[in-house]
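Read off the chains here:
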Amino acid sequence: MFKSIRKSLSRTRQSVFGQIQNALGNGDITEETYEDLEALLIQADMGVDTSLFIVEQVRDRAVEKHLYRADQLIPELRGVLRAILIEPPPLQIDTPRLLTIVMVVGVNGSGKTTSIGKLAKYYKGLGRRVQLVAGDTFRAAAIDQLKVWGDRAGVPVISGQPGGDPAAVIYDSIRATRARGYDLLFVDTAGRLHTKFNLMKELEKVYSVCQKSVHQAPHEVLLVLDAPTGQNALLQAIKFKESVHITGVVLTKLDGTGKGGMVFAIYRELGVPVRFIGTGEGIDDIAPFDADAFIDGLFDEPPA
Amino acid sequence: MFESLGNRLQGVFDGLQRRGKLTEADVDAAMREVRLALLEADVNFKVVKQFVKRVRERAVGVEVMQTITPGQQVVKIVHEELINTLGEPGRLELGLQNPTIIMLVGLQGSGKTTTAAKLALHLRKKGSRPYLVAADVYRPAAIDQLQALGRQLDIPVYDEGVNGRPPTICANGVAKARESGATVVLLDTAGRLNIDDMMMDEIKAIKAATDPIEVILVADAMTGQEAVRVATDFNNAVGLTGLIMTKVDGDARGGAAISMREVTGVPIKYLGTGEKLDGLELFHPDRMASRILGMGDVLTLIEQASEQLDEEETQRAGERLMSGKFDLEDFLQQMQQIKKLGPLGKVLGMLPGMGQMMNDVDLSGAEGELKRVEAIIYSMTPKERRNPRLLKASRKRRIAAGSGTSVQEVNQLLRQFREMQTMMKQLKSSGAGRRGALSNLLGGKF
Numbered sequence: 006m007f008k009s010i011r012k013s014l015s016r017t018r019q020s021v022f023g024q025i026q027n028a029l030g031n032g033d034i035t036e037e038t039y040e041d042l043e044a045l046l047i048q049a050d051m052g053v054d055t056s057l058f059i060v061e062q063v064r065d066r067a068v069e070k071h072l073y074r075a076d077q078l079i080p081e082l083r084g085v086l087r088a089i090l091i092e093p094p095p096l097q098i099d100t101p102r103l104l105t106i107v108m109v110v111g112v113n114g115s116g117k118t119t120s121i122g123k124l125a126k127y128y129k130g131l132g133r134r135v136q137l138v139a140g141d142t143f144r145a146a147a148i149d150q151l152k153v154w155g156d157r158a159g160v161p162v163i164s165g166q167p168g169g170d171p172a173a174v175i176y177d178s179i180r181a182t183r184a185r186g187y188d189l190l191f192v193d194t195a196g197r198l199h200t201k202f203n204l205m206k207e208l209e210k211v212y213s214v215c216q217k218s219v220h221q222a223p224h225e226v227l228l229v230l231d232a233p234t235g236q237n238a239l240l241q242a243i244k245f246k247e248s249v250h251i252t253g254v255v256l257t258k259l260d261g262t263g264k265g266g267m268v269f270a271i272y273r274e275l276g277v278p279v280r281f282i283g284t285g286e287g288i289d290d291i292a293p294f295d296a297d298a299f300i301d302g303l304f305d306e307p308p309a
Numbered sequence: 006m007f008e009s010l011g012n013r014l015q016g017v018f019d020g021l022q023r024r025g026k027l028t029e030a031d032v033d034a035a036m037r038e039v040r041l042a043l044l045e046a047d048v049n050f051k052v053v054k055q056f057v058k059r060v061r062e063r064a065v066g067v068e069v070m071q072t073i074t075p076g077q078q079v080v081k082i083v084h085e086e087l088i089n090t091l092g093e094p095g096r097l098e099l100g101l102q103n104p105t106i107i108m109l110v111g112l113q114g115s116g117k118t119t120t121a122a123k124l125a126l127h128l129r130k131k132g133s134r135p136y137l138v139a140a141d142v143y144r145p146a147a148i149d150q151l152q153a154l155g156r157q158l159d160i161p162v163y164d165e166g167v168n169g170r171p172p173t174i175c176a177n178g179v180a181k182a183r184e185s186g187a188t189v190v191l192l193d194t195a196g197r198l199n200i201d202d203m204m205m206d207e208i209k210a211i212k213a214a215t216d217p218i219e220v221i222l223v224a225d226a227m228t229g230q231e232a233v234r235v236a237t238d239f240n241n242a243v244g245l246t247g248l249i250m251t252k253v254d255g256d257a258r259g260g261a262a263i264s265m266r267e268v269t270g271v272p273i274k275y276l277g278t279g280e281k282l283d284g285l286e287l288f289h290p291d292r293m294a295s296r297i298l299g300m301g302d303v304l305t306l307i308e309q310a311s312e313q314l315d316e317e318e319t320q321r322a323g324e325r326l327m328s329g330k331f332d333l334e335d336f337l338q339q340m341q342q343i344k345k346l347g348p349l350g351k352v353l354g355m356l357p358g359m360g361q362m363m364n365d366v367d368l369s370g371a372e373g374e375l376k377r378v379e380a381i382i383y384s385m386t387p388k389e390r391r392n393p394r395l396l397k398a399s400r401k402r403r404i405a406a407g408s409g410t411s412v413q414e415v416n417q418l419l420r421q422f423r424e425m426q427t428m429m430k431q432l433k434s435s436g437a438g439r440r441g442a443l444s445n446l447l448g449g450k451f
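Line by line, the protein sequences are chains Y and D. When we follow our numbering, the leftmost residue of the first sequence carries the number 6, and every step to the right adds one. When we follow our numbering, the leftmost residue of the second sequence carries the number 6, and every step to the right adds one.
Treat the hints as calculated values from the structure; they're not laboratory data. Do not take every clue at face value.
Below are the BS3-like pairs computed for lysine-lysine, each with C-alpha atoms no more than 27 Å apart in a straight line [claimed, not checked]:
1) Lys388(D) / Lys430(D)
2) Lys201(Y) / Lys376(D)
3) Lys201(Y) / Lys281(D)
Required output: the full structure, derived from the provided sequences and hints.
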């Protein structure tokens, strides 16, 4: 798993953190050193505010420890970044109970259905009895797409009619899941921009159906973000948190050049942790998020 | 969360009331804000650097006009330079090839399939006979999706199932389209990462097999710093002829548009908005520039206003406003004019600074509120509308019953109306010109 995170972050490392060693060099720390650092962080999509915050923290540490060589800043930067990725509470999916419900939400095209397919396989492998429900009744062929993933993962998929009311489909699916003795239900939802008032209301309805059907459900609400997304990721997280109280992030498409730097802003502003990362198109290309491995992946030299 | 550049620059120049030329010191202070604003809008770091350099060169020594502040002057220059960078909107090359072959490429989830269907519909409306080819054999149900969209629009879709080779599928699709007498073929290719050599070789092969006259990169407007890499890699691989930015109806600033345009030099041809299949808009550089700067889309609003509003009516109402004779009848008419501009949410979203606020407003409520106000005024006699002071308890009860509201709601409306009148009087005495009843009214009501 470490290897897969590292592998998928190799692009990031080459493009950004590889540059940090070069850019900072081992000369004296000057004002320019900090400007270069800021530039590199911004290019990793960390956003202006978070980048400035990180640079200030690194600067404070440097002053406190009387550092004078630029390469001495690298462990400090690492420390600052690691501190932002605070330890999350235990993942509720792993807590044993009769029926665990996980809602998966996000904007269009972020990779919700694919992530659910991968998660289904992953948890089935851990011995869970997994069921999926197709809550995207809007987009053409979205139900078929989830069914294909269900087949691949070897888990059943419950679906309603295209154009139906997602909340109703999900209500039925919860009863069916319980009746058939499955213990983990992933709820796929239609992609929606967080600015669409009515669609967010629809999502809230789905949330409340879960809430009313099972004690303390939904036990996790995962926001799927794709790594190439820029500053808008934070706005998405804010809006989805307000509407359906997201408890974690699935960061997808990390196998591309996308850097995923915006998760630092999401941790810092909202305290919402990353739970899984998607690292490729294969069904096994998903891994639980490990903050140490994530940062190791950002900094370590590529394996020779 | 995001401050608009205008506000930021206003801060820099605060207290700086003098006129004259913009000095180097002024410009330097401003350029830091410009840089941050663009970075916050997701414009690529390197592109920002170049951009700021160009603005700086233009700004130093510029005469600050009498009527505006130095901050506004800088915003104006930035805005103009953004428009230059965004370039002219592109048009599709139709008619040079028979059938015209348009290939859509992009990352996973950028919206290629939806865009293919939108484009097909758009081109049919313009008189072409479109034909779709489903060449995404990888994503589960991608072909089904395009087939379903094709059925909705009644546009033919060619596919060979998931076992075909995409270059062959596309070549066969083009041949079929030609046979059927189609004039435009849209190739919907699979989403791919720009660093996946095998997949990039595949689109090169598709291009070689079909010789499309248009190769369009479909890109998510929410893309961050990566935009440059993505656009460069696709451009190097298949030679792009245009860009379509999707999901523009969100609240992303869309700085990716600038980055992609700058590094590829190809024009932006359309914007994708919304999930409905008619959600494809022409690209307007000036509006995109305003959006990137967080200035709101005033231009679209003004354009719609001038298209929809009865100029004379507005003029007359403006005069009545200024002369203090504005009554509930005028109020009603103004409200109806505003309603012509489209759903309230869309109208408000175009106002500067409102984009962010809009997220916090329950607009379905606001629409209802407008309807209620209308109903109340309709339940008054013309005499009452012209002279709201006539309204005493008994008349109010009648109006409330007539409009299905309560006396409290009638009172609330009257209070708001009085407040507005007072405000108008103040505006009048402070000499705010005749910018029109519309903006006053919008400012007064919301």
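* **Indices of hints not satisfied (ascending)** => none
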